[in-house]
Amino acid sequence: MIPTASAGYFSWEGTIGRGKGLWNCPWYQGQSACSGWNYWYGGHYKIRLGGDTELSGWENFNTIRGVYIQCCGLGGYPDEAWLSPSQLSLGGMYLRTHMTWCSWRPYPDCALDGDGTNVFFESWA
Amino acid sequence: MLRQSRRLALALMVLALVLAAVVFIAVPGTASSNNDAAGVALSRVSVRGIAQSLPVEDPWSKQLIAAGFTDVRQIASASGTDFYRLTKEGRKSCYGVGSAGAASPIGFIGCSQSFPSPENPIMDLSIVGAEKGSDAYPHLIFVQGIAADGVATIELRNASNAAVARAPVRQNVYVLKEAPRAAIRVVAVDSSGREVG
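Which chain is which? The protein sequence lines are E and A, in order.
Mind the numbering: the first sequence is residues 0 to 124 in numbering that gives the first Met the number 0, read in order.
Mind the numbering: the second sequence is residues 0 to 196 in numbering that gives the first Met the number 0, read in order.
The shape of chain A in the complex, shown without the other chains (with noise of 0.2 Å):
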């Protein structure tokens, strides 16, 4: 009796330590394995574009095309700017806007090589400005920009890095006319609300 008392122990103790290992191995892979998740969805844009052409008789188009931007894709469209996915040799990534309807449809292209990642999960494409007399610095005017697929807003920050704005990323991209004047920069905010990059 006594000695199957001894093996129900020693039964148990195995069975106790093997638990423990198992949630020691288990519970540190889960947090990696969500952390590799969502290091893949910041370096990943997934919206596709339809393919566009650019205008010959535009003088800035045409500039465009010399620098060597080829395979322009229209990704999105949101208040009246339409963002754009452009291929240039060497190049990681390039994105563009430009305003609805206008005679140069890309007014601005930027590259990067380091977008997007879980470093820099968006390619902020925002409009600075200051005008004499009425502003003390440069701040954002017109908020627009890519986002990698796991970032869910973005926050327009003050100088003293308060949030005084969002904007909902949608398609990847975020778009936001009128920015407070007190704004002057953008920074990435995931689904549950944390800061990324």
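For reference, chain E alone in the conformation it holds in the complex (with noise of 0.2 Å):
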């Protein structure tokens, strides 16, 4: 059953790699973290220090959507972003912000290390 929907703020700094995060997403578990679930309309995401890619968005169980962003602007991205669900055509779903270490992907840019990067993130509904 979903809950009613509510006015709500979440935010989180801390380390996401290989076994850091928070453990609460339902993907990739063990390398992501996650805000509870809510009608989330907007999140804020910023990389402290690290140089991993970090996929930033929402997700629910069937979907995870996401902007990659990364260290100083490197690998073509951004270090900071602003997004809304909507952006993702996820407007109105019940959701949880994430932040995920982008293991999946076989190229350098991705910085396959793993060790870990400082990342703060905040969102609203």
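The hints are simulated quantities; they were obtained by calculation from the structure and are not laboratory data.
Treat each hint with caution, since some may be false.
Listed below are the simulated DSSO-like cross-link pairs for lysine-lysine, each with C-alpha atoms no more than 27 Å apart in a straight line [stated by the list, open to error]:
| no. | chain 1 | residue 1 | chain 2 | residue 2 |
| --- | --- | --- | --- | --- |
| 1 | A | K87 | E | K19 |
| 2 | A | K61 | A | K87 |
| 3 | E | K19 | A | K91 |
| 4 | A | K91 | A | K61 |
| 5 | A | K87 | E | K45 |
| 6 | A | K61 | E | K19 |
Take the two lone chains and join them into the complex the hints point to.
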């Protein structure tokens, strides 16, 4: 059963990498961090320290979506993002905000070491 | 007569040495100038924008205003996507995208300290995702981004780094609404077909 919508705010700062994160995401546990469930309308994601690429966005049990961000704007990606789930075609859905280390990308600019990247993210509902 | 021939031979030798020196200096100099020009083209986004204001009644736009985004300029529009340049204190460059006609005009803003530069000639703002039961890993869904002046096209690459699609850069932006499922990243290509960045 899906609870009724309520205004909310979530923020988290910590390290994501191999075996590091909040272990609370429907997708990619052990390398990601998620907010609680809500009808989020926007999020802010930032790399604080570390070279790994992070997929940053929203997810539910069926779908994970987001945008890549990477330290210092390397790899052709931003290092900080403000993102609405509507932009991911997930507007009005019951979701968790997430940041996920992208271990699945088989080439160097994803920094496959997974040693850990310090990130901050927050979201609004 | 003999003395005149020796003088002529000496003059020719000096001339040959001077010409060799000119060629030696000029050729590397030309290559250097070309490299400099290419570097400048990869460090610049020339498109001019039209000033816009964000709707204060929209909660997400209010959040962006509170975050300090000012001087919003729409720089291009392509395939139903509007592209923006934004100013934020302390950030070198911020760019945004949004669906034309949406209640929240800007759905995604990315900021980078190193774009545009020869090392980072694009700021990729593509949407990535996966569906349970369909995808082994997240892939490009909606390709969009900002490109420096020296980028002519973008290529989508698969997990083996092979090109699976291309899109042109126009007015410093690129957009491809339906990326092939195998596409997982975007690379920049200059007008000679060379990968840059």
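Going through the hints against the structure:
Taken as a hint, the K87/A and K19/E pair is broken in the structure, with Cα atoms around 32 Å apart against an allowance of 27 Å. For the suggested pair K61/A and K87/A, the alpha carbons sit about 15 Å apart, so the restraint of at most 27 Å is met. Distance check on the hinted pair: K19/E and K91/A sit about 31 Å apart at the alpha-carbon level, beyond 27 Å; violated. For the proposed pair K91/A and K61/A, the alpha carbon gap of about 22 Å is at most 27 Å, so the pair holds.
Using a Cα cut-off of 27 Å, the hinted pair K87/A and K45/E holds, with the two alpha carbons roughly 15 Å apart. Proposed proximity of K61/A and K19/E is contradicted: the alpha carbons are some 33 Å apart, above 27 Å.
The structure does not agree with the numbered hints 1, 3, 6 stated previously, though it agrees with the rest.
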